[in-house]
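Each chain, letter by letter, is given below.
There are 2 protein chains.
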Amino acid sequence: MADSAQQPATESGDNFASQVLGSLKQDILSGYFSPGEKLRMNRLKERYQVGVSPLREALSQLLVEQLVIVENQRGFTVHPISMEEMLDIYETRAHIEALCISQAIEKGDDEWEANILAAAHRLKKSGDLIDKQADELQEWEVRHQAFHSAIAQGCNSPTLLHVRRSLYEKASRYRNLWLKHNMVDGTMFDANQKEHDELIDALLKRDTARATALIRQHLLSPSKALKETLPSLLEG
Amino acid sequence: MADSAQQPATESGDNFASQVLGSLKQDILSGYFSPGEKLRMNRLKERYQVGVSPLREALSQLLVEQLVIVENQRGFTVHPISMEEMLDIYETRAHIEALCISQAIEKGDDEWEANILAAAHRLKKSGDLIDKQADELQEWEVRHQAFHSAIAQGCNSPTLLHVRRSLYEKASRYRNLWLKHNMVDGTMFDANQKEHDELIDALLKRDTARATALIRQHLLSPSKALKETLPSLLEG
DNA sequence: AAAACAAATAATGTCGACATTTTTATTTTT
DNA sequence: AAAAATAAAAATGTCGACATTATTTGTTTT
Chain A
124 MADSAQQPAT
134 ESGDNFASQV
144 LGSLKQDILS
154 GYFSPGEKLR
164 MNRLKERYQV
174 GVSPLREALS
184 QLLVEQLVIV
194 ENQRGFTVHP
204 ISMEEMLDIY
214 ETRAHIEALC
224 ISQAIEKGDD
234 EWEANILAAA
244 HRLKKSGDLI
254 DKQADELQEW
264 EVRHQAFHSA
274 IAQGCNSPTL
284 LHVRRSLYEK
294 ASRYRNLWLK
304 HNMVDGTMFD
314 ANQKEHDELI
324 DALLKRDTAR
334 ATALIRQHLL
344 SPSKALKETL
354 PSLLEG
Chain B
124 MADSAQQPAT
134 ESGDNFASQV
144 LGSLKQDILS
154 GYFSPGEKLR
164 MNRLKERYQV
174 GVSPLREALS
184 QLLVEQLVIV
194 ENQRGFTVHP
204 ISMEEMLDIY
214 ETRAHIEALC
224 ISQAIEKGDD
234 EWEANILAAA
244 HRLKKSGDLI
254 DKQADELQEW
264 EVRHQAFHSA
274 IAQGCNSPTL
284 LHVRRSLYEK
294 ASRYRNLWLK
304 HNMVDGTMFD
314 ANQKEHDELI
324 DALLKRDTAR
334 ATALIRQHLL
344 SPSKALKETL
354 PSLLEG
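Top line first, the protein sequences correspond to chains A and B. Residue 124 is where the first sequence starts when you use our numbering, and the numbers rise one by one after that. Residue 124 is where the second sequence starts when you use our numbering, and the numbers rise one by one after that.
By construction, these hints were calculated from the structure, which means they are not laboratory data. Errors might be hidden in some of the hints.
Since the list gives no way to pick one copy over another, a pair counts as held whenever it fits inside one copy or between any two copies.
[Said to hold, decoys possible] Here are the simulated DSSO-like pairs of lysine-lysine, each with C-alpha atoms no more than 27 angstroms apart in a straight line:
#1 Lys303 - Lys148
#2 Lys248 - Lys148
#3 Lys230 - Lys347
#4 Lys317 - Lys168
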């Protein structure tokens with residue numbers, strides 16, 4: 124480190140860029156920085172307490188993941204959102220997730236099945252006590268993601284899983300935008316739970332056709348809701 | 124620019140990082156920098172005639188694309204190759220390409236068909252005069268890629284095409300490695316030509332099952348060849 | 001001579017400084 | 001007053017400098 128007063132983040136061992144990358148990505152995905160917003164260096168420097176070099180390195184990485192855009196001599200900007208992109212991301216994500224699942228059904232072993240059931244149990248427990256508390260909902264989100272991750276993991280392909288994660292992050296940007304303006308419905312959890320049970324059943328029976336159809340339906344329902352809400356968000 | 128003596132690359136309008144990104148990526152994909160090789164900053168500074176800042180930004184982007192790896196305080200290294208990764212990349216690539224094609228068959232219009240036939244014609248012309256000259260082979264590669272690109276473009280999904288490009292680049296690293304140690308066979312072009320003709324036939328007849336099966340075979344045959352050659356390359 | 005330790009050399013990661021460009025504010029002109 | 005021209009301010013992109021950490025070399029000890 125160039126100065127003793129510099130140890131801004133908790134995770135030591137990584138450099139500043141990788142630390143700020145996580146925070147910055149979170150801030151973009153969560154909507155702290157709005158789509159299309161200009162990311163001025165002075166503001167970022169203050170917020171993350173680092174110089175321009177690590178910031179530019181982190182932003183360069185987000186550039187590849189298409190979460191920011193850059194124009195020469197005009198700095199970085201949060202990647203704008205659009206109806207077309209939203210639909211394209213969700214559609215592609217559905218295809219990729221279906222691919223992961225079909226591969227997992229082919230290759231998944233006992234350990235895979237066990238991990239799914241374990242993750243499903245954790246998710247159910249979290250969904251039972253629907254407090255609608257912000258932090259409990261956050262926990263449910265984490266377990267929900269973990270559940271679907273456990274399923275996809277069975278494909279046993281790092282390359283494919285890498286693609287999957289990238290698409291999940293891009294989609295979560297739209298989902299968070301939607302969550303900001305819509306309260307969650309309690310009945311949603313029950314419907315979700317039912318879909319999960321059906322999916323697990325199809326997986327264990329190695330019924331690829333049914334499983335991929337179910338996951339497609341499961342993933343695309345938020346995009347249908349977004350399709351109605353997005354226009355108002357884009358304007359105001 | 125901080126100094127009048129700095130105008131290293133041809134494409135003006137972009138910043139140094141984006142210019143060096145292209146050269147650096149090319150140098151890694153082509154094998155100028157070997158897998159696992161340490162990328163010392165002094166050497167890179169000399170080669171590309173820029174300071175560390177643009178270099179680190181370019182390397183940060185290659186980090187996301189998994190073409191380099193980084194270890195804190197130990198700098199950047201060319202991503203190592205392995206049999207497992209090679210097989211995984213080619214397998215995933217085959218799945219993604221099949222997905223592109225099935226979507227293209229669903230959505231492709233007249234313009235799509237016309238572009239395919241045009242690209243096929245250019246490719247055939249280039250393949251007819253097999254001189255085995257290095258630069259002519261280079262041109263054939265470009266047209267071959269353009270042909271398959273024209274097909275995939277029909278899916279009309281920027282997100283999916285982005286994934287496709289990323290996988291193509293990762294795979295080309297292995298392919299170039301193989302080309303370095305194996306002369307191209309003249310008969311290969313004929314076999315290739317036949318596969319292309321069949322593929323076009325299936326596409327125009329909108330026969331998804333046959334088209335995806337053909338593309339899978341087409342894409343995976345290099346990986347089979349690599350599977351035999353790689354071990355000797357990995358050793359020395 | 002091999003191992004353990006110490007000193008030097010080299011390489012990385014970060015910041016501040018500065019030239020260049022873009023954006024905003026002000027003045028001038030028709 | 002609206003438009004054009006000019007001046008001022010702010011922001012970007014790059015490099016050199018420097019502290020920190022790895023690596024290599026040299027020396028001492030057993």
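Practice problem: Could you check the structure against the hints above and give me the numbers of any it violates, in ascending order? | Solution: Going through the list in order, the structure violates hints 2, 4 and respects the others.
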